[in-house]
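Fit chain U to the supplied structure of chain L, relying on the hints for placement.
So the sequences go chain by chain: L and U. Residues are numbered in the working numbering as their position in the first sequence, beginning at 1, plus a constant of 1. Residues are numbered in the working numbering as their position in the second sequence, beginning at 1, plus a constant of 1.
The set of hints was computed from the structure by calculation and includes no laboratory data. The reader is advised that the hints may include incorrect statements.
Since the list gives no way to pick one copy over another, a pair counts as held whenever it fits inside one copy or between any two copies.
[As the list claims (entries may be wrong)] Dumping the calculated DSBU-like pairs for lysine-lysine here, alpha-carbon to alpha-carbon at most 30 Å:
#	residue 1	residue 2
1	Lys252	Lys128
2	Lys153	Lys92
3	Lys283	Lys251
4	Lys153	Lys85
The primary structure of each chain is shown beneath.
Number of protein chains: 2
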Amino acid sequence: MYKFEELVSRFETYFNQRHFPANPGTLYDPVQDFLALGGKRVRPVLSLMGNELFDEILPDAWPLAAAVELFHNFTLIHDDIMDKAPLRRGKATVHAAYGEPTALLGGDVMLVVAYEYLNKIDSRYQKRIMQLFNRTAMEVCEGQQLDMDFEKSASVDMPAYIHMIELKTSVLLAASLRMGAILGGASENNQHHLYEFGRNLGIAFQVQDDYLDAFGDPDKFGKQVGGDIMANKKTFLMIHALQTADEPVKKELKQIMGTNEAGKVEKVLNIFRACGIDAWAKDLKDTYINKAFYHLEEIAVISARKKPLTELAAYLVQRDK
Amino acid sequence: MYKFEELVSRFETYFNQRHFPANPGTLYDPVQDFLALGGKRVRPVLSLMGNELFDEILPDAWPLAAAVELFHNFTLIHDDIMDKAPLRRGKATVHAAYGEPTALLGGDVMLVVAYEYLNKIDSRYQKRIMQLFNRTAMEVCEGQQLDMDFEKSASVDMPAYIHMIELKTSVLLAASLRMGAILGGASENNQHHLYEFGRNLGIAFQVQDDYLDAFGDPDKFGKQVGGDIMANKKTFLMIHALQTADEPVKKELKQIMGTNEAGKVEKVLNIFRACGIDAWAKDLKDTYINKAFYHLEEIAVISARKKPLTELAAYLVQRDK
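In isolation and in its complexed conformation, chain L is listed as follows:
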C-alpha cells in the first residue's frame, strides 16, 4: 500500500509529459503550461487509492488518473473564465494571460484529451468507467451553473447550497475513488460505500474551505483570508448566519455585505464569532467527516488496506492551508 505522498510522486512521474501535440502552440502551450503548475493532485491519487483498496494498482489506473486530473484542470480553466478570476495557483489564469478564446478552446481540448486517456482503458471496464465519468462531468457543470445562479439570487437556503457543493466539489472526489474501485474489481456495495465516503468527505472539505477563508491563519492559508466576504460570496458560514441570526444582526450583516467599506471583513467576522458560526462550522465539518468514516468502515476489506484513505481524509480536512 502506498501513502498519499508516494502516490502523488508516482503520479507526477507518469503525468509529467506533453499531453498535447506541438502545433498550434498558440492553442496547446498555454494549457500544457497550466498543467505543469501542479496542484495537489488529490483526485488522480483518489483513483489510484480506489483501485489499490481492492487490488494492486493496475496499468489502466494511470490513464484513468490522468483523465481525472485533466478533467479537473479543464473545469478550473473554464470556471476561471466564468468567474473572471485573475489568479490561479499564484499565476495569471489562462484567460487573463492568453485571452478568453484560447482559454475556452484550451479547456475544450483538455476535456477531449481526458477522453483519449479513458479510451486507453481495457474494454472490460471502459463503459462502466465512462458512464460514471460522464455523469460526474455533467454534475460538476450543473454545480457550476447553480453556483452562478446562486450569486444572482437574493437568498439561498442550506439544502440548496449543500446540493450545489455536492455537485461542484464532492461528486468528482467520490467518482475518482469509485472509478479506481471499478478497476480494482470492487463489488457494487463496496463501490457505493466508497463513493459515499468521498461524497461526504468532499462536503466536509468545502465546509473547511469556507471556514479557513474566514478564520484561517493568514500565514498558512494560501489565499487571502476574508476573500469570500470581500467578494460577497455565499458560503456555509454566511448562509447559516443569515438563517440563524436575530433580525437586527441579520440586518446589520446584510448592510455590511452591501458595502465595500474598510474593515468589512473584520466586522463580518465579529458577527460570525458573536453568533457562534465558527464553532457551528467545526461541528458541521465533523458531522460530514463522521458520515464519511461510517461509509469507509462499511467497505468489506480489512482495515489495514484503508489506512492510506484514512490518512488522506485526515490530511484533507485537518489542513490549515
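Below, chain U without anything else, positioned relative to chain L:
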C-alpha cells in the same frame, strides 16, 4: 439505400428528444432549445451513409450520428462565443441570449453528452470510433485557433489557409463518414478513400461558401452577401486576390479593406471580377470535387451503393444558399 432527405428525416425522428436532464433548466434548456433549431444535419447523415455504404444501417449508427451532431453543435456554440457572433440559424446565439457563462458551460455539457452517446456503441467498435472522434475533435479546435490566429496576422498564405479549412471544416465531414464506415465493417483501404472523399469535399464546400458569400444570389443565400468582406475576413477569394493581383490593385484592395466606407463590398467585388477571382474560385472548387470523386470511385463497392453519396456531394457543392 436511403436518399439524403430520407436519412435526414429518419435522423430527426431519432434525434428529436431531450438530450439533457431537466434540472438545472438554466443550464440545459438553452442548449436543448439550440439543438431544436435544426440545421442541415449533414454530419450525422454522413455517418449513416458511411455505414450504409458497406452494410445495412446498424443500431449503433444512431447514437454515433447523435454524437456527431452534438459535437458539431458544441463547436458552434463555443465558436460563436469566441467570434462574438450575435446570430445563428436566424436566432440570437446562446451567449447573446443567455450570457457567456451559460453558453460556455452549455457547450461543455453538450460535448459530454456526445461522449455518452459514443459510450452506447458496441465495444467491438467503440475504441476505434472514439480514437477517430477524439483526434477529429482536437483538429477542429486547432482549426478554430488557427482561424483566430489568422485574423490577427497581416498575411496568410494559401497552403496555411487550406490547412486551417481542412481542420475547421473538412475533417469532421471526413471523420463522420469514416466512423460510419467502421461500423459498416469497411476495410482500412476503403475507410481511407471515404475519408479522403469527405476531406476534399469539405474543402470544395468551403471554397463554395466563400464564393457564395461574395457572388451569391442575395435572394437565395441565407446570410448577408458580402458579409466576409464587411468583416475583413480572410477567404479563399481574398487570399488569392492579395497574392495574384498587380501591385497597384493589391494596394487599392488593402486600402479598401482598411475602411468601412459605403460601397466597400461592391468595390471589392469589382476588383475580384477584374482579377478573374470568380472563375478561379469555380475552378478551385472543381479541382477539389474531382479529387473527392476520384476517392469515391476508388472505394471497392458497387457504384449503385455510392449513389446517395454522389447525390449528396452534388447537393452540397452546387447549392446556391
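Right, here's what the structure says about each hint:
1. In this assembly of identical chains, lysine 252 and lysine 128 lie within 30 Å of each other by CA distance neither inside one copy nor across copies; the values are 53 Å within and 59 Å between.
2. For the identical chains of this complex, lysine 153 and lysine 92 are neighbours both inside a copy (28 Å) and across copies (26 Å), given an alpha-carbon limit of 30 Å.
3. Taking the shortest Cα distances, lysine 283 and lysine 251 sit within 30 Å of each other inside one copy (21 Å), while across copies they are farther apart (72 Å).
4. For the identical chains of this complex, lysine 153 and lysine 85 are neighbours both inside a copy (15 Å) and across copies (24 Å), given an alpha-carbon limit of 30 Å.
The structure fails hint 1 only (numbered hints given earlier).
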